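Participant: Please build the complete structure, drawing on both the sequences and the hints.
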Amino acid sequence: MKRGDVLENINQRFKEEIIDVIDKSSTRVYIEIKPCSLVKVAKYVFEELGARFNIASGLDVRSHMEILYHFIFEEINLLISFRVKLDRAKPEIDSLTPIFEAANWIEREIYEMLGVKFKGHPDLRKLFLSDDWPDGVHPLRCDYKEWDRKAIRDRGV
Amino acid sequence: MSVKLKALLKSPWVFHISTGSCNNCDIEVLDCLTPRFDIERFGILLAGSIKHADLLLVTGSGNRKSMEIVKKLYEQAPKPCLVVAIGECALSRGMFIHSYNCPVPVDKVIPVDVYIPGCPPKPEAIIAGLVKLIEKVKGTLKKKGK
Numbered sequence: 001m002k003r004g005d006v007l008e009n010i011n012q013r014f015k016e017e018i019i020d021v022i023d024k025s026s027t028r029v030y031i032e033i034k035p036c037s038l039v040k041v042a043k044y045v046f047e048e049l050g051a052r053f054n055i056a057s058g059l060d061v062r063s064h065m066e067i068l069y070h071f072i073f074e075e076i077n078l079l080i081s082f083r084v085k086l087d088r089a090k091p092e093i094d095s096l097t098p099i100f101e102a103a104n105w106i107e108r109e110i111y112e113m114l115g116v117k118f119k120g121h122p123d124l125r126k127l128f129l130s131d132d133w134p135d136g137v138h139p140l141r142c143d144y145k146e147w148d149r150k151a152i153r154d155r156g157v
Numbered sequence: 001m002s003v004k005l006k007a008l009l010k011s012p013w014v015f016h017i018s019t020g021s022c023n024n025c026d027i028e029v030l031d032c033l034t035p036r037f038d039i040e041r042f043g044i045l046l047a048g049s050i051k052h053a054d055l056l057l058v059t060g061s062g063n064r065k066s067m068e069i070v071k072k073l074y075e076q077a078p079k080p081c082l083v084v085a086i087g088e089c090a091l092s093r094g095m096f097i098h099s100y101n102c103p104v105p106v107d108k109v110i111p112v113d114v115y116i117p118g119c120p121p122k123p124e125a126i127i128a129g130l131v132k133l134i135e136k137v138k139g140t141l142k143k144k145g146k
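Note that the protein sequences, when read in sequence, are chains B and R.
Per my numbering, residue 1 is the first one in the first sequence, and the count goes up by one each step.
Per my numbering, residue 1 is the first one in the second sequence, and the count goes up by one each step.
Because the hints were derived from the structure by calculation, they are not lab data.
Since we're looking at a predicted model, the values are computed, not measured.
Beta carbons: idealized from backbone N, C-alpha and C, even for Gly.
Accuracy of the hints is not assured; some may be wrong.
Pair ranges (Cβ atoms, derived) [claimed, not checked]:
1. B/I152 with R/D38: 35 to 41 Å
2. B/D23 with R/H98: 35 to 41 Å
3. B/K34 with R/A47: 43 to 49 Å
4. R/L30 with B/N54: 30 to 36 Å
5. B/R125 with R/L30: 34 to 40 Å
Derived DSS-like pairs: lysine-lysine, alpha-carbon spacing no greater than 30 Å straight-line [as the list claims (entries may be wrong)]:
6. B/K85 with B/K40
7. R/K71 with B/K126
8. B/K2 with B/K24
9. B/K40 with B/K119
10. R/K108 with B/K150
11. R/K72 with B/K150
12. R/K71 with B/K145
13. R/K79 with B/K117
14. B/K150 with R/K79
15. R/K79 with B/K145
16. R/K10 with B/K150
17. B/K150 with R/K6
Facilitator: And the structure:
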């Protein structure tokens, strides 16, 4: 399958779901999709087109939350990033873990760092943060405030 | 100086703890232990377990999770136990001072005897620091200007 065929396939099949396509370079394409159709698109790309799920990355950009799901087509050296924009007040999206296990830990990390809730995730708990970390505090959000009163933030000189 | 401390200084065995460092300080520590800088000529030997160690080399900025482990390790170490903080991160957390995951420096959790600054400190600096530690405990460390 060629690069053009892959993009054509996705475009054809998900005409309604795609909001925007940014053809960044010969190896990189960003496709913005509706959050409700993520599972459908991911399933098609992973199972039918045979892409590899590389990683997901989450961002907090003040106006909204954003998650990028990066899929790699190794034979044709193409990286497609599916971008979903979520509401900052109540960020929720369907989990991809039922489709591929590789999404499990990265979703847990995005959950603890940004507070995005993944519906249908089998085991949504903390991954990296310590056990005494309070619930509902997400360190990589824009509005994160220091919660630990015992923390020392000067160098003592 | 107690007998224990005197015996310890003949050949202090070190145990190396990384509390979330970028591994640069660890590479320098490793450099010290290997033949080029050969810290073994001062009798310093790497121990496999904390329970055999007299000296703790602590590197890294001290994460919330790893500091709990450092506390436990320090409790397991046979006393008297001396602690050396290596690198800017272990001294004052360096550039991670405002990080959500590094609330307190290492010396607020366990008592530190010698601070070796640098990012990373050169092996020479680590050797100088360890020699100073031995001199300090022996009480022969020369004060500046005397």
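Participant: Would you mind marking each hint as holding or not holding in the structure?
Facilitator: These are the hints, each one checked on the structure:
Between B/I152 and R/D38 the CB atoms are about 38 Å apart, so this pair conforms to the stated range of 35 to 41 Å. Taking 35 to 41 Å as the suggested C-beta distance range, the pair B/D23 and R/H98 conforms, at roughly 39 Å. At roughly 58 Å, the beta-carbon separation of B/K34 and R/A47 lies outside the given 43 to 49 Å, and the hint is violated. As the Cβ distance of R/L30 to B/N54 is approximately 33 Å, the hint placing it in 30 to 36 Å holds.
B/R125 and R/L30 have their C-beta atoms about 36 Å apart, which keeps the hinted 34 to 40 Å range intact. This hinted pair checks out: B/K85 and B/K40 have alpha carbons roughly 16 Å apart, not beyond 30 Å. This hinted pair checks out: R/K71 and B/K126 have alpha carbons roughly 22 Å apart, not beyond 30 Å. Taken as a hint, the B/K2 and B/K24 pair is honoured in the structure, with Cα atoms around 17 Å apart against an allowance of 30 Å.
With a C-alpha separation of about 15 Å, the suggested pairing of B/K40 with B/K119 holds against the 30 Å cut-off. For the hint linking R/K108 to B/K150, the alpha-carbon distance of about 11 Å falls within 30 Å, and the restraint holds. A hinted pair counts as satisfied when its Cα atoms are at most 30 Å apart, and R/K72 with B/K150 qualifies at roughly 20 Å. Only pairs whose Cα atoms come within 30 Å are accepted, and R/K71 paired with B/K145 is accepted, the gap being roughly 27 Å.
For a cut-off of 30 Å, the pair hint linking R/K79 to B/K117 is broken: about 48 Å separates their Cα positions. A C-alpha spacing of about 28 Å is found between B/K150 and R/K79, which places the hinted pair at or below 30 Å, so the restraint holds. Restraint check for R/K79 and B/K145: not satisfied, since their Cα atoms lie roughly 40 Å apart, outside the 30 Å limit. Restraint check for R/K10 and B/K150: not satisfied, since their Cα atoms lie roughly 39 Å apart, outside the 30 Å limit.
Annotation: proposed proximity of B/K150 to R/K6 is violated, straight-line Cα distance about 37 Å (limit 30 Å).
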